[in-house]
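Chain by chain, the residues:
Protein chains: 2
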Amino acid sequence: MPATPAWPPRSAPRLYVEADLCLGAQVQVDGNAAHYLLSVMRIKDGDAVLLFNGRDGEWAARAGALRKRDLVLECVDQSKSLESVPDFWLCVAPIKKGRIDFTVEKATELGVARIVTVLTSRCVVDKLNPERLFAQMIEAAEQCGRTALPELADMAKLDMLLRDWPKGRALFFADELGGEPMRTGFAKHPGSAALLIGPEGGFTAQERDAIRAHPAAVPITLGPRILRAETAAIAATACWMSANGDWSTDIIADGK
Amino acid sequence: MPATPAWPPRSAPRLYVEADLCLGAQVQVDGNAAHYLLSVMRIKDGDAVLLFNGRDGEWAARAGALRKRDLVLECVDQSKSLESVPDFWLCVAPIKKGRIDFTVEKATELGVARIVTVLTSRCVVDKLNPERLFAQMIEAAEQCGRTALPELADMAKLDMLLRDWPKGRALFFADELGGEPMRTGFAKHPGSAALLIGPEGGFTAQERDAIRAHPAAVPITLGPRILRAETAAIAATACWMSANGDWSTDIIADGK
Numbered sequence: 001m002p003a004t005p006a007w008p009p010r011s012a013p014r015l016y017v018e019a020d021l022c023l024g025a026q027v028q029v030d031g032n033a034a035h036y037l038l039s040v041m042r043i044k045d046g047d048a049v050l051l052f053n054g055r056d057g058e059w060a061a062r063a064g065a066l067r068k069r070d071l072v073l074e075c076v077d078q079s080k081s082l083e084s085v086p087d088f089w090l091c092v093a094p095i096k097k098g099r100i101d102f103t104v105e106k107a108t109e110l111g112v113a114r115i116v117t118v119l120t121s122r123c124v125v126d127k128l129n130p131e132r133l134f135a136q137m138i139e140a141a142e143q144c145g146r147t148a149l150p151e152l153a154d155m156a157k158l159d160m161l162l163r164d165w166p167k168g169r170a171l172f173f174a175d176e177l178g179g180e181p182m183r184t185g186f187a188k189h190p191g192s193a194a195l196l197i198g199p200e201g202g203f204t205a206q207e208r209d210a211i212r213a214h215p216a217a218v219p220i221t222l223g224p225r226i227l228r229a230e231t232a233a234i235a236a237t238a239c240w241m242s243a244n245g246d247w248s249t250d251i252i253a254d255g256k
Numbered sequence: 001m002p003a004t005p006a007w008p009p010r011s012a013p014r015l016y017v018e019a020d021l022c023l024g025a026q027v028q029v030d031g032n033a034a035h036y037l038l039s040v041m042r043i044k045d046g047d048a049v050l051l052f053n054g055r056d057g058e059w060a061a062r063a064g065a066l067r068k069r070d071l072v073l074e075c076v077d078q079s080k081s082l083e084s085v086p087d088f089w090l091c092v093a094p095i096k097k098g099r100i101d102f103t104v105e106k107a108t109e110l111g112v113a114r115i116v117t118v119l120t121s122r123c124v125v126d127k128l129n130p131e132r133l134f135a136q137m138i139e140a141a142e143q144c145g146r147t148a149l150p151e152l153a154d155m156a157k158l159d160m161l162l163r164d165w166p167k168g169r170a171l172f173f174a175d176e177l178g179g180e181p182m183r184t185g186f187a188k189h190p191g192s193a194a195l196l197i198g199p200e201g202g203f204t205a206q207e208r209d210a211i212r213a214h215p216a217a218v219p220i221t222l223g224p225r226i227l228r229a230e231t232a233a234i235a236a237t238a239c240w241m242s243a244n245g246d247w248s249t250d251i252i253a254d255g256k
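So the protein lines, in turn, are chains U and L. Mapped onto UniProt numbering, the consecutive letters of the first sequence carry residue numbers 1 to 256. Mapped onto UniProt numbering, the consecutive letters of the second sequence carry residue numbers 1 to 256.
Keep in mind that a hint or two might mislead.
Calculated pairs, BS3-like style, for lysine-lysine (alpha carbon to alpha carbon, straight line, at most 27 Å) [stated by the list, open to error]:
(1) Lys80/U with Lys97/U
(2) Lys188/L with Lys188/U
(3) Lys97/U with Lys97/L
(4) Lys68/U with Lys97/U
(5) Lys96/L with Lys96/U
(6) Lys68/L with Lys97/L
(7) Lys96/L with Lys97/U
(8) Lys68/L with Lys96/L
(9) Lys96/U with Lys127/U
(10) Lys80/L with Lys96/L
(11) Lys96/U with Lys68/L
The set of hints was computed from the structure by calculation and includes no laboratory data.
Input sequences plus hints: build the corresponding full structure.
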């Protein structure tokens with residue numbers, strides 16, 4: 001079955017793989033991914049699967065060599081080139097399991113380039129499982145059509161993060177004591193940026209002073225209600241994407 | 001213990017009650033709420049609890065008559081007057097349990113005035129438990145400091161919603177086929193507004209035509225990635241609050 005305009009169909013499953021992708025590449029799939037394709041999606045010989053690996057864009061691949069627990073996907077056509085996401089980092093204090101998973105899922109959908117977890121004095125959680133976060137990210141990327149994965153940085157202590165802050169990257173931080181409305185704050189600082197969100201208990205006075213004293217820091221307000229950490233992260237990320245990111249562009253055309 | 005500037009402390013628990021609140025009002029608390037105050041928060045005689053009912057603002061109340069399963073809270077001081085939230089409705093197709101709960105929680109935190117669930121052709125879920133949604137809303141309101149609850153409207157069919165649409169309320173809808181960037185779309189239509197988000201499968205062509213033909217409709221784009229229904233709802237609500245809502249205001253002063 002050659003690649004025609006009707007192929008791959010819109011309903012083709014989308015799968016993250018680690019293998020390199022190029023014309024004719026044969027990708028062996030087993031384990032959970034094979035179970036998903038064979039038993040959940042009921043893929044048949046010749047069916048289309050969309051593949052991406054975070055490096056080579058998205059490829060329409062044809063299923064073959066189907067067995068009970070594995071199959072081979074052959075890349076037939078590049079369906080999307082590698083996207084370039086806006087240069088926006090989300091720096092969040094670790095929060096409890098369900099809520100940090102959720103933050104990673106939403107950050108991926110919203111188009112964040114890099115997710116940094118930041119340890120502060122009032123963090124209740126100080127360990128995260130990077131594999132679990134990565135799995136959340138992959139699932140969200142498969143669902144939202146991203147071809148480039150966010151980078152999941154190692155956990156950093158707040159003082160180290162501030163010390164090593166890259167020149168020229170605005171550091172927007174949600175300051176409980178108030179700051180500039182995002183509307184005007186984002187407009188004044190276009191270009192590379194990051195958002196820093198503290199833990200549920202907020203920053204200590206000392207931490208807040210250190211952030212405010214940083215030359216890149218721009219205190220912003222997220223309005224008159226008290227937002228949970230993950231709500232603040234998602235809300236301010238969405239506002240940045242809309243103001244300074246790529247949300248003036250419609251859904252990426254996928255050649256159909 | 002009289003009401004002094006140090007009373008109620010910042011750590012005082014916040015509780016939604018149905019009773020009327022005014023100076024000297026005595027509110028009897030039992031059931032889950034009493035368990036929370038007595039066993040989880042370990043409230044003692046004379047301790048402060050902040051009360052709100054969605055009508056009378058927020059009141060600092062003093063705990064008394066503590067027994068094993070109930071207590072009485074006496075309103076001592078109005079700590080916040082009733083807030084006025086921006087006139088923004090969130091109209092969302094019902095989605096599966098965890099994700100609709102989450103949408104209601106976040107909409108409450110973000111400051112939505114009214115939540116309407118809308119039935120469309122591609123809805124997979126067509127029943128919701130209003131008591132569960134109300135409980136989500138209450139918990140979020142207790143946490144985020146709201147004194148006015150969002151109104152939870154009855155589920156409406158899309159055609160009825162469009163037919164009875166109030167004059168003068170902009171109807172922003174996230175159109176998969178593209179629309180105006182929120183940045184410019186919101187700026188052109190200040191004032192009363194609503195956001196309409198379809199189910200995971202999107203609107204049908206016929207539904208989309210009907211919405212587009214409505215005089216209040218403003219198609220908007222939420223950028224190049226495919227957002228889950230609840231992500232779209234939260235992201236666009238945050239952008240509206242920041243652009244046209246009350247997010248230029250800092251956290252409401254609570255008299256301390």
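Hints versus structure:
| no. | hint | verdict |
| --- | --- | --- |
| 1 | Lys80/U with Lys97/U | violated (33 Å) |
| 2 | Lys188/L with Lys188/U | holds (21 Å) |
| 3 | Lys97/U with Lys97/L | holds (19 Å) |
| 4 | Lys68/U with Lys97/U | violated (34 Å) |
| 5 | Lys96/L with Lys96/U | holds (22 Å) |
| 6 | Lys68/L with Lys97/L | violated (35 Å) |
| 7 | Lys96/L with Lys97/U | holds (20 Å) |
| 8 | Lys68/L with Lys96/L | violated (38 Å) |
| 9 | Lys96/U with Lys127/U | holds (10 Å) |
| 10 | Lys80/L with Lys96/L | violated (36 Å) |
| 11 | Lys96/U with Lys68/L | violated (31 Å) |
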